[in-house]
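Protein chains: 2
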Amino acid sequence: MKRTAPPLMRWQPVPFTKVSIEDAFWRPRLETLNEVTIKACLAQCEATGRISNFAKAGGRMEGPFEGIYFNDSDVYKVLEGVAYLLMSNRDSELEAETDRIIDFIASAQEPDGYLCTYFTLAAPDKKWTDMEKHEMYNGGHLIEAAVAYYEATGKRKLLDAACRLADHYDRVFGPGKRHWVEGHEEIELALVKLYRVTHEERYWKLALWLLEERGHGYGQGEIWEKEEWGPAYCQDDVPVRDIERVTGHAVRAMYLYTAMADVVHASGDPAYVEALHRVWAHTVERNMYVTGGIGPSRHNEGFTRDYDLPNETAYCETCAAIAMAFWNHRMNLLFGDARYADVVEREMYNGALAGISLSGDKFFYVNPLASKGDHHRVEWFGTSCCPTNLVRYLPSIGQYAYARTGDGLAVNQFLNGEAEFAIGDGLNVKLSQKTNYPWDGRIELTVHPERAANFAVRLRVPGWCRGYRLEVCGAPISGAEALTDRGYLVLDRRWSPGDSVVLELDMPVEAVRARAEVEADRGRIAIQRGPIVYCVEQADNPDLTYDAFALSAREPLIVRHRPELLGGVTVLMGRAEDGKPCLLVPYYAWDNREKGFMQVWIREAEDRNLYVY
Amino acid sequence: MKRTAPPLMRWQPVPFTKVSIEDAFWRPRLETLNEVTIKACLAQCEATGRISNFAKAGGRMEGPFEGIYFNDSDVYKVLEGVAYLLMSNRDSELEAETDRIIDFIASAQEPDGYLCTYFTLAAPDKKWTDMEKHEMYNGGHLIEAAVAYYEATGKRKLLDAACRLADHYDRVFGPGKRHWVEGHEEIELALVKLYRVTHEERYWKLALWLLEERGHGYGQGEIWEKEEWGPAYCQDDVPVRDIERVTGHAVRAMYLYTAMADVVHASGDPAYVEALHRVWAHTVERNMYVTGGIGPSRHNEGFTRDYDLPNETAYCETCAAIAMAFWNHRMNLLFGDARYADVVEREMYNGALAGISLSGDKFFYVNPLASKGDHHRVEWFGTSCCPTNLVRYLPSIGQYAYARTGDGLAVNQFLNGEAEFAIGDGLNVKLSQKTNYPWDGRIELTVHPERAANFAVRLRVPGWCRGYRLEVCGAPISGAEALTDRGYLVLDRRWSPGDSVVLELDMPVEAVRARAEVEADRGRIAIQRGPIVYCVEQADNPDLTYDAFALSAREPLIVRHRPELLGGVTVLMGRAEDGKPCLLVPYYAWDNREKGFMQVWIREAEDRNLYVY
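Quick mapping for you: the protein sequence lines, in order, are chains A and B. Using our numbering, the letters of the first sequence map in sequence onto residues 1 to 613. Using our numbering, the letters of the second sequence map in sequence onto residues 1 to 613.
This list has only true hints and no planted wrong ones.
For chains that are exact copies, the list does not tell them apart, and a pair is met inside one copy or across any two.
Using 20 Å as the maximum straight-line C-alpha spacing, the simulated DMTMM-like pairs for lysine to aspartate or glutamate come out as follows: (1) K580 - E481; (2) K580 - D337; (3) K595 - D361; (4) K126 - E222; (5) K205 - D170; (6) K580 - D492; (7) K155 - E200; (8) K580 - D485; (9) K580 - D543.
What the hints contain is simulated information worked out from the structure, not anything from laboratory work.
Could you put together the complete structure from these sequences and hints?
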């Protein structure tokens, strides 16, 4: 399926620090994150030796390395989340605690800049011998944390450590030096971040070089030798510019494409553009669940064959859903197309959000779309990448709301709150959104440029929406500006301070069917309403049985907001085939009550009415 | 496909005289009907000799029979419409004019009761020799007009003539007398009406006997002998109780099933119940257009083979759509199932309504679903059954709004206005509906029983609706009463005067596809919103071309009410595949402006986004 990639638009992000979230949906989640999740994850890092590994490597404490070789990354991801938190709320106690951990980290850095406590403590002679051992993966997360903490506090200690580490990589690896194919991508996108904050071009070049190393047979290590995995497992089977298909470990693939999108935002390399375009279509059109989940297989934590999307055994790692948001956010900026923001939305309200309990202290690593009742949230994992990824993903959610487009701005996500940023030639614009999204499709936007000016406001019309209404300054719009362009309504006009836009998205209940190729979903439907994918849980439906339950796609469902249920959810209620009532709740909220079965793809009952259409 | 018919519920109709319509959609149409359509049709009946045929047959005027043998029926149908009009507005001038026509009609009745001006004037020796010559069809319409006029005015002259005619039939035909298979059904349902007003059982029995005559080889006449038509053309191929499939002339078939439903409402004959159930499924599931139109073929004005639903050559006689409303109204009463009221709604807002111009003086006999620009409304037809059918159908539209259910009442159609009728054991209940239907799905219903009492209010949730909200007396409902039962929400409770119900139906834009078996619609979509089927007309889309135009099923459409357009319509606007804007208007409103192409089933453009679901 040959398609030509559209031209690059190169929109600019609006950082979450410019976006205040006063939203009934997101605000309580962010508070729980601050009050519960971050503390819980720091405590787990402490209790499991993840933090003391740094102290040990730095000679501040006695004892052997504890845990697994990629554990450093969890500490870095929590610190990144802490930094995001400090950006909006400079909690001095938390900052002091973080500085203490940063001291340990800095102490663990070897004189040449090397930093990876597993190798320093447990296998100093094995450094850089197995590309699967996450040395640069750990380093990448250090860099992301360091950039965030520097931006939050202005403190350079962690950033300096990160630069020394990156410089170390740059001395050892690169053109004319050693080859390296990092088994778990992450360093590439991190180096682009480091370049952006330091303006040191060598970091950007090293990121590009690391991307270009892939697919030429340089990969070495256990993974590469195992026949059932091989180079495709870590996207080392073809040069990145030749990528046609998504393969291997899902999180690794997403981090790779994220880095490619970052690099091409600057380079504009058409081969990268085409590769990204191809692999996006291959991922989203053939290998993504309705929840936004990706990577069906536990075996490789990743992809198998096209349309292989089993429900009960769906792996759908939380990190992979988060990484899909990362990648699609970059794709949106690159191509200025709302379809990518649609995927971000799908992750925000489904795939990624399902990973954390409403209480904020229990997590899913694996997110199946059906369960007989034996899959439950836990407080921590041996490999605990998912909780720590949520810690840094959630507080930065505001970054998905807006983009700067060159000729104005784009509204990508609908969140109650305010934003303020400069567009185009420096014109400062305040925006405020009033909405009950995701439960209601009405969005009131007020545009406050610092002075009246001409610019374009783009409003995303979500892919699930078929009908909408639009008013600008109280007048209904139905000319050409009321038509979508790459998924956006484009209001290109003179904006005066206080001008209002009301967008009303129809948000009906929808029964969706998978493509016929998806064997697991044949004869099944999934229920969506707006951005929310629903599921049936035993807790609400004690009379239903997992195997016998069926629902007609034409069954009308009552829509009711239940503020007291599951943190406030809109539930759907209808009649199952057997006449018994059934109640559906948002998928993201499942397994927050007593144990029981859950289904997203529901067996489709015969319609009451079989018209010819 | 063997199905067992559900039990009979035997609901009772609520006549339109009990239902006042103060509705922005229907009120102007009824006024146009009164002011324009009825006058125009009377004038046409006069000008074409239809009225003077009676005067001639009665010896009041000289001259030969003019026109065709079924022309009497048009006069009767206009009189029936006039009677409905007089029921709500006793216009003495119109009544005097009608009395004058009734005098002519009565004068044309022969001493033995026979009445059919064609035979009296042109072929007195050919009476009852060809069953296709519409003698009883004319008589049936006389009876319907007579019953209506008697109920409107209390005047018996026409009713007496109708009884004399029915008595004449009863003397000539029946068990032990002559056989008769009336080529065009109508007499059967008319005799049931006559029975209901006179309580003379012999009329009901004659209706039943006429039904039972079919399918035994008694049919005689030109139609029966022509190989390409044969007995199936007039539903004489099988005994009615053995009917499996809809066949032949569409209006005839619908009138037959209407009569069968009338008869079984009293008799409860399970063989009839099963036959009706089978033939309804066969009609609606395989032989109905999305507009509610039926009968694809001009050749037989009727049915061909399953799923043969061509668009440009669709015949879809207006009378057949009206007759579908008649039949489905009866089916709803019989079985207490909302699916039949769904079909009534489909005819009300699409198939039947398309038959009349907004100005009220131009008509479609044939209602294609696509036109290259050569099909237009005209003022009259040689065979002018459709205009005259509209004249009696439209003023009685209020009868579809409610039903009496035994344990309470059912709200079947959503019309702004008031109703008052007795339920159950005689409790008087006033209802008032406030709604902007069909443009908006919010319905406010106030229930005013004469005193507080327990009864059930059933609210139809239309088949197109997937999500709804329900409040009773200000409280949201989500228990079992919020689930549909045979398509109804059942509010079985104690009702006090002034109790309110708010039903909010999601009314999203929907792209529908025909079943794969419908060859004409392959690769095409139709756009619906609520009960309204949309079309693209050249008048709004001068830049589009009939053959090249395509629209994606995922294209978001702006929804905008345009009070100044086509009598006030909600239009939909989106972007065609070629990037040009396209505007859709309700199908019922087409060909009310300059000539041009029209399409309901639009070629489907490739989706922007091809997810796996």
